[in-house]
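S.K.: Residue strings, one per chain:
Protein chains: 2
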Amino acid sequence: MCKGRLFIVSGPSGCGKDTILSELFLRRPDIRFSISTITRAMRQGEREGQKYHFVSREEFLKLLEAGEFLEYNEFVGNYYGTPRTPVEVCIANGEDIILEIDVNGAAKVRSQMPEAVSIFIMPPSIAELKRRLERRGTETPQQIESRAECAKKEMKRAIEYDYIVVNDDLQKAVDDLASVLRSDGLKRDRQEQILDEVLKQC
Amino acid sequence: MCKGRLFIVSGPSGCGKDTILSELFLRRPDIRFSISTITRAMRQGEREGQKYHFVSREEFLKLLEAGEFLEYNEFVGNYYGTPRTPVEVCIANGEDIILEIDVNGAAKVRSQMPEAVSIFIMPPSIAELKRRLERRGTETPQQIESRAECAKKEMKRAIEYDYIVVNDDLQKAVDDLASVLRSDGLKRDRQEQILDEVLKQC
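Protein sequences, first through last, are from chains G and D.
Note that the first sequence covers residues 36 to 237 in the working numbering.
Note that the second sequence covers residues 36 to 237 in the working numbering.
Where hints are given, some of them may not hold.
Derived lysine-lysine pairs resembling PhoX-like cross-links, with alpha carbons at most 20 Å apart [unchecked claim]:
(1) D:Lys-207 with G:Lys-235
(2) D:Lys-165 with D:Lys-187
(3) G:Lys-188 with G:Lys-143
(4) G:Lys-187 with D:Lys-235
(5) G:Lys-235 with D:Lys-222
(6) G:Lys-235 with D:Lys-235
(7) D:Lys-191 with G:Lys-207
(8) G:Lys-191 with G:Lys-165
(9) G:Lys-191 with D:Lys-165
(10) G:Lys-191 with D:Lys-235
(11) D:Lys-222 with G:Lys-222
(12) D:Lys-38 with D:Lys-207
(13) D:Lys-165 with G:Lys-222
Cβ-to-Cβ under 7 Å is the rule here; a few derived chain G residues that face chain D [as the list claims (entries may be wrong)]:
(14) Tyr-107
(15) Val-111
(16) Ile-199
(17) Val-215
(18) Gln-228
(19) Leu-230
Computed, partial: chain D to chain G, Cβ under 8 Å [as the list claims (entries may be wrong)]:
(20) Met-190
(21) Lys-191
(22) Asp-197
(23) Arg-223
Read the hints as simulated data drawn from the structure, not as lab findings.
Predicted, not measured: the structure shown is a model, and the values here were computed from it.
Cβ coordinates follow ideal geometry from the N, Cα and C atoms, glycine included.
Turn these sequences into a full structure, and let the hints guide you.
M.R.: Right, dumping it as structure tokens:
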């Protein structure tokens, strides 16, 4: 069977990554999503196994020692990790899987799985990014400034990614991301099975 | 300005290549088509400059000597060539251009322009290819057999291409080809301009 592929998706907070991915999964329910394992407390509206697996610090460290994370990070006293097994199982089963992760995490995963295809989602400008964060209405002006500074740092690393999608129009950005996934499945090495079948008749 | 790209499209006679390309150009009128220069006589229904430039043998040889062909071929006493200048001008102007060509021509062009992206269009099976050729009704059973033999030889070289599109459903095949072109424009090196613009603000 033809192997699946890991797609790494990054982009600064406010670039529209979550909305783009939600739309993509509606169109492509066959694509899997990598669920992170984290030790922070569950927030209102969150559900176990939806976007995160919630575990204790002890459980996390046990998994870490067992080599169960493709990458992990400690942030404000909590651990965040990308489980290795589900990604490897998906790929072996010929399924594509998307991992949404920050630029540092992406670099770590890429170093372990260089065949992963990575996509950076950008806002059309820093001004537009700030407007989007303001529209959310969940952050103070100071927090928005700090997020914009973070975004600038992240965007300087867009060059590390295979593809760059600019989100100036939601549907266009979803079409863009969908085209990256679709075309990747048409690459010669991913069409070996059908090629072999037809060539058998030759 | 960001450079355009040359896309090489090949596939055996009867694979549906012409229909797929016609549909693609309806959707993407911005994409150019490389017009071949040939010395054979114009056939009924053909127009100068549509699919071919018709020139005399003398003109062809003059152009050949001037290095004006990316590749050329002699077949049953006629010359067929791919003009170099229009391809180079398109790419320099940031336009994408499609070259429809056989496997031998594709190999010659690829050796001169290794950055070209190549796509092989396959029928879903040899049996289906024969059915399609029969449905055309323009060839004798013997000619169909000979085309099928040719197709087999060509299909063995599908492995030389970057992407393989199987034409078992016309719209799906057009979507496939369109996704290859769209995603290629999202590659990091083709997004340099927008990346620079946004990063200037960082």
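S.K.: All hints are to be evaluated individually against the structure, with a verdict given for each.
M.R.: Evaluated hints:
1. D:Lys-207 with G:Lys-235: Not satisfied, since the Cα-Cα distance of roughly 24 Å exceeds 20 Å.
2. D:Lys-165 with D:Lys-187: holds, 11 Å
3. G:Lys-188 with G:Lys-143: The given pair, whose Cα atoms are some 17 Å apart, holds under the 20 Å limit.
4. G:Lys-187 with D:Lys-235: Holds, at about 10 Å.
5. G:Lys-235 with D:Lys-222: violated, 34 Å
6. G:Lys-235 with D:Lys-235: It is violated: about 54 Å lies between the C-alpha atoms, which goes past 20 Å.
7. D:Lys-191 with G:Lys-207: violated, 37 Å
8. G:Lys-191 with G:Lys-165: holds, 17 Å
9. G:Lys-191 with D:Lys-165: At roughly 53 Å apart (the allowed maximum being 20 Å), Lys-165 (chain D) and Lys-191 (chain G) break the hint.
10. G:Lys-191 with D:Lys-235: holds, 10 Å
11. D:Lys-222 with G:Lys-222: holds, 15 Å
12. D:Lys-38 with D:Lys-207: At roughly 28 Å apart (the allowed maximum being 20 Å), Lys-207 (chain D) and Lys-38 (chain D) break the hint.
13. D:Lys-165 with G:Lys-222: Judged against 20 Å, a Cα distance of about 26 Å means the pair is violated.
14. Tyr-107: violated, 27 Å
15. Val-111: It is violated, given that the least Cβ distance between Val-111 (chain G) and chain D is near 25 Å, above 7 Å.
16. Ile-199: holds, 4 Å
17. Val-215: holds, 5 Å
18. Gln-228: violated, 11 Å
19. Leu-230: At about 6 Å, which falls below the 7 Å cut-off, the nearest Cβ of chain D leaves the hint on Leu-230 (chain G) intact, so it holds.
20. Met-190: With a closest approach of 6 Å, the Met-190 (chain D) hint holds.
21. Lys-191: Because about 6 Å separates Lys-191 (chain D) from the closest Cβ in chain G, which is inside the 8 Å limit, the hint holds.
22. Asp-197: holds, 6 Å
23. Arg-223: holds, 6 Å
Hint compliance for this structure: hints 1, 5, 6, 7, 9, 12, 13, 14, 15 and 18 are not met, and every other hint is.
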